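Listed in order, the protein sequences are those of chains G and R. First residue of the first sequence: 0, per numbering that gives the first Met the number 0; consecutive thereafter. First residue of the second sequence: 0, per numbering that gives the first Met the number 0; consecutive thereafter.
Intra- or inter-copy, both count: the list cannot distinguish identical chains.
Straight-line alpha carbon distances no greater than 27 Å define the calculated DSSO-like cross-link-like pairs of lysine-lysine that follow: (1) Lys-282 <-> Lys-385; (2) Lys-361 <-> Lys-332; (3) Lys-239 <-> Lys-303; (4) Lys-1 <-> Lys-329; (5) Lys-125 <-> Lys-284; (6) Lys-131 <-> Lys-282; (7) Lys-125 <-> Lys-282; (8) Lys-284 <-> Lys-368.
Hints are computed from structural coordinates only; laboratory data are not their basis. From a predicted model like this one, the values you see are computed outputs, not experimental measurements.
Protein chains: 2
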Amino acid sequence: MKKYADMTKEELTLLKEELEKAYQEQKDKGLNLDISRGKPGSEQLDLSMPMLDIMHSSAEMFAQDGTDVRNYGMLAGIPEARKLMGDLMGAEASQTIVFGNSSLNVMYDSIARSVLFGVMGSTPWKDLPHVKFLCPVPGYDRHFSVTQQFGFELISIPMTEDGPDMDMVEDYVNHDPEVKGIWCVPVYSNPGGAVYSEETVRRFAALTPAAPDFRIYWDNAYAIHHLYADHQREVLNILKECEKAGHPDIVYQFCSTSKITFSGAGIAAMSASKANIDDILSKIKWQTIGADKVNQLRHVRFFKDIHGMREHMKKHAAILRPKFDAVLHKLEKELEGLGIASWNHPLGGYFVSFNGTEGTAKRIVSLCKEAGLVLTGAGAAYPYGKDPADSNIRIAPSLPPVSEVEQAMELFAICVKLATVEKLLG
Amino acid sequence: MKKYADMTKEELTLLKEELEKAYQEQKDKGLNLDISRGKPGSEQLDLSMPMLDIMHSSAEMFAQDGTDVRNYGMLAGIPEARKLMGDLMGAEASQTIVFGNSSLNVMYDSIARSVLFGVMGSTPWKDLPHVKFLCPVPGYDRHFSVTQQFGFELISIPMTEDGPDMDMVEDYVNHDPEVKGIWCVPVYSNPGGAVYSEETVRRFAALTPAAPDFRIYWDNAYAIHHLYADHQREVLNILKECEKAGHPDIVYQFCSTSKITFSGAGIAAMSASKANIDDILSKIKWQTIGADKVNQLRHVRFFKDIHGMREHMKKHAAILRPKFDAVLHKLEKELEGLGIASWNHPLGGYFVSFNGTEGTAKRIVSLCKEAGLVLTGAGAAYPYGKDPADSNIRIAPSLPPVSEVEQAMELFAICVKLATVEKLLG
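Please work from the sequences and hints to get the whole structure.
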């Protein structure tokens, strides 16, 4: 295969005509495809249906400490759910709070509390002239949106295969008291699939923030979401590393079962140092009497323990692998060797991060859309939705069946080529 | 029976000795009773157990619009849950948002949003020098705590049998732009059991707030929580009255199924004008992808519609009535005619509001506690936990079995008498 960069103008013009024809053929199919969001497919949701058949009688509605889970109370969650979700995060039950169905909501509320009431006695952020938040890029659009909504200045930190550029992180965090937090997806990062290296985690734990109310927002969304049984990546335990480094309070960790049981009806949790947890509980006690404990107990009864949960994840992997394979095979077959694009080979998580030729991502997304394929908006993985290189596109193949993923990638590859040729011809 | 006020000092002294003896006998029983919170009893929770046996197969997991309730999405809730909860509030489905398990959380979030981002374009309250909130008293302690936590000035408004003192409400709301809201429990108010009269509701709807971002916080927590089939009180539809009066935007209405299905695992909802709902959705879209729709659908499948829900409430009433009867019979038998106390006779809701002789409430609560009976703290029904008359006590008989309610009230009556005699003897 000839690299596009090595082609003459004539060759490119000819190629463009071919691609326009192929694109038109795709368009004529009247496709209606969507690989825009990391939503589990229905087969995956079916895996947890037995969870709904677990509690029938009144006698089954009591937590291990005797709490009737149907009634009010238990602000921090029932003990066995704190244990299970703590195990998922490598945290003690006592340093874990279990919430309702959305970890995004838990993260948003954590920011909102800091803005309104401060962190462990600090000045509420609303009373500060300026707040900055670090955003490893490409990253999770909903993370960035939360901090944008609160009016913070979002600062992009480039991602490497080992995590965020730690030189830059240290420089900001240790010297600028306006920097109050950083968004992290340490395992199978969204969208790049990176797993933070041991060195990265240790450097996080060793941070000496200029702001005492700085927190690492450690969204461990894909902690056990491996695609390959023999290539399971793990990350160092951030809570323990922070403790060892003598900075137990600088991290909030989050997780949920949204991609373990039901995306819309799982349970979310948060873990942190005892001092942080006490601080948080002292504030959320005004907000609620407690989260849905019936659903908490339902989850514990279904999984029994973290081992049950890990076993369950193998079934997800079996469903997801062919979809990721379809994406990767198509990208390889159609684009490898052309010198116009690169992409990662994730070992877990929900995304393939695609990088096209600079200045083509928006055009690719728009070409796809016009032909019936919805992708995440170009630039979505960057603060303010602006990818300075206009090259990154997040591919989320989990929702549609394999055949549709294949169709989608067929079209996608044509659009990538066409947009690139257009760009090269200027 | 002789009124205490008519007794001589000698008679009172003798009475005190008798009461101390009776009190000591109670204490010797080693009681362990709790009538402090409006928690449903286990018999009531059992009523909704069939709700957990309603959804088994994947095919049953779809909302009427085809949404898979297990997956992400549907920020405003599924259509059929919006209809059901809208009907509970007299609101259209389109002006109703269904949330998770806690209406307190929905109310807290509504205040937090106003503080952080303003109301329909107004200045965020965090940027105002001073915010005032009206608190009809006695009222719901958790309402007052929320607004206290945000640092607002809480202004007590006396309750009458017809609702809050509307002269005072109008005076504050229509003239003071710092007044941003008022807490209301319009039906079977907590704790007084009042149902707002038609005139009260119309005067609320006719308010012309000095602050454009003033909202009535209409917590319709006990809308269908009647105790007597033939004495069901209803309140005028606040949304419709506000519309008619040309002020559709001045009210937020809240409700939940916490005292209909499971207190800790029901669903909560909010209704308001279209403009308010659009404003709210435009902000909560940063906070969450959506509430637990599996539980929303479970509720709809269980009740079918609002009629099913109303029928279900009759079963609650049958369980609650004997408990309220036990409270009222004991109060009548022991305290009527002594001129030392008054109380209401609620037709619904969860509380009896008791008013003792001025300056005795704290002493009564502490005497009860010492003898093994937990009551809501004296003053809890007032802003900052301070009842200026130190006379009000909230009695919540729903949780314990009838026999325990009787024991509790036996002790309570002795403590009331003893505290009053102590007070009279000075």
